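S.K.: Here's the letter readout for the chains.
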Amino acid sequence: MSTDSNKNKSSLTPIIVVALLSLAVGLWASQQLLQKPAPVPKNLEATLLDKAKPLTDFSLIDHDKNVFDLKRLKNNWSFLFFGFTHCPDVCPLAMQVMKKVWDSPELTNNKKNLQMIFVSVDPDRDKPELLKRYTQYYNPAFIGVTGVANQIDILTRQLGILYGFDDPNENGDYNVSHSGQIILIDPQGNMRAVFSPPLTPQSIVKDFIEIKKFVENI
Amino acid sequence: MKKLTSYLLLIALSSITIAADKHSLSFKKITVPEAPPVAAVMVAYMDITNSSNKAKTIKQISSPQFKRVEIHNMSMSDGMMKMEQMQSLKIKPRATVKLETGGLHIMLIKPVKPLKHGDKIELTFKLASGELTTISSSVQKVDLTDSHKHHHHHH
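Just so you know, the sequences run in chain order E and H. Count the first sequence with my numbering and you get residues 1 to 218, in order. Count the second sequence with my numbering and you get residues 219 to 373, in order.
Simulated from the structure, these hints should not be mistaken for lab results. Here the structure is a predicted model, which is why all the values come from computation and not from measurement. Built from N, CA and C at the ideal position, the CB exists for glycine as well. Check before you lean on any hint, since a few could be wrong.
[Said to hold, decoys possible] Chain H regions said to be covered by chain E (calculated; three or more residues, Cβ under 8 Å):
| hint | stretch |
| --- | --- |
| 1 | 249-257 |
| 2 | 318-326 |
[Stated by the list, open to error] Partial selection, computed: residues in chain H whose CB lies under 10 Å from chain E:
| hint | residue |
| --- | --- |
| 3 | F245 |
| 4 | K246 |
| 5 | V261 |
| 6 | K277 |
| 7 | E288 |
| 8 | H290 |
| 9 | D296 |
| 10 | M298 |
| 11 | M299 |
| 12 | Q358 |
| 13 | V360 |
| 14 | L362 |
| 15 | T363 |
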C-alpha cells in the first residue's frame, strides 16, 4: 500500500512541476498583457494625441520674472491656457475652469505634480507684476507667463494655438483674438491632449485622470 | 352699465399698453461677475426683453463706474475666439435677447476704481428713440462655469 502510493507520488511529480511551471508562465503572460499595452482611454471629451509630441525649448518669463522654459514644464503635469488680461469673457471663464480642476477633490493627491499656467500673448499690456495679481486672484499657485513675441510664438506654434491682434479703436484699445483650448503637457515635456471649448471642469478632471493613468502605464 | 364697464375696461387696457410701451425694455438676470482687481475690463450679462410692438435699438450704454461701455459679440472665427464691437443692439418686438458667456455681452471698460463683490454699478441705456433707461446692479462672485454649461445645453 505504502509502496504503491510512493510509486504514484514519484510519477506525479513531473506532472505537478509542469503544471506549476505553465501556471507561472500563464500568470506572467497575463500580467504582461494586463500591464504592457495600456488601453487607450475611450470616450474622452479631450483630444488625445496619437503620439506624444515632444516640445522644443522656448524662453519666456514667469510672473516673478524668472525664466520659464521647457525645463519648467518637466516633472509636472501642466495645463496651459493662452489669453490676455483685457479679455472680458473667454479668459475669466477658462481661469475659473482651471481653478475648479485644481480644486477638484479627485486631484487632491496629485497637486504637487500639477501646475496651472496662464500664458499672456499680450506682453505689451500684461507685465509680470500685473500677471501675478491676475493669476493669483484665481489661485496663489497659478503661474502667469509671458515674454517676447517670437518666444511666445515658438510655444504657440508647437501647440497649435492661434492668436492675432485686432486693429486698435479710436481709444487705442485693442482686442486679441485667440484660441480657447487648454493644452495638457506631460511630465516629460510632451504635448499630450487638447481640451476644447465648451470647457467643463468635470470632464477635464475625468479625462485627465484617465490620460495620466494611460501615460504612466505605457 | 355693462357697456360702461367694458368701455372703462378698454380705457384701462389701452393705458396699460401705453405704459408698457413707455418702459418697453425690461432687464432680467443682470450679472456683473467680479474680476481680478487688476482687470481693465469687466463684463455684464443679462436678458433684455422688449415687450412692446415695435423694435427697439440700443444705441449707447454708459456707466458712472466705467470709462466706457460697449456691446460686444464673441464668435468663433478661423479657430479663434473673436470679439467684435457692435454699434447698436436691435431687439425685435416681443423678443428677448440673451447676453451670456460665449456670445453677446456688455463690456465694461476701465473701472474708475477697482470693483469687488457687493459694489454697486449703474448702466444707462440710450435707445435710438432717445429714450433712456437706467438699471442698477452689483458686482457678484459668479461661477461662470455653471452659466456656461446652461448656455451649452440650451443651444
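S.K.: Hint by hint, note whether the structure agrees.
M.R.: Verification of the supplied hints:
{"no.": "1", "hint": "249-257", "verdict": "holds (count 6)"}
{"no.": "2", "hint": "318-326", "verdict": "holds (count 5)"}
{"no.": "3", "hint": "F245", "verdict": "violated, 19 Å"}
{"no.": "4", "hint": "K246", "verdict": "violated, 20 Å"}
{"no.": "5", "hint": "V261", "verdict": "holds, 4 Å"}
{"no.": "6", "hint": "K277", "verdict": "violated, 17 Å"}
{"no.": "7", "hint": "E288", "verdict": "holds, 9 Å"}
{"no.": "8", "hint": "H290", "verdict": "holds, 7 Å"}
{"no.": "9", "hint": "D296", "verdict": "holds, 7 Å"}
{"no.": "10", "hint": "M298", "verdict": "holds, 4 Å"}
{"no.": "11", "hint": "M299", "verdict": "holds, 5 Å"}
{"no.": "12", "hint": "Q358", "verdict": "violated, 13 Å"}
{"no.": "13", "hint": "V360", "verdict": "holds, 9 Å"}
{"no.": "14", "hint": "L362", "verdict": "holds, 5 Å"}
{"no.": "15", "hint": "T363", "verdict": "holds, 5 Å"}
Taken one by one, the earlier hints fail for this structure at numbers 3, 4, 6, 12, listed in ascending order.
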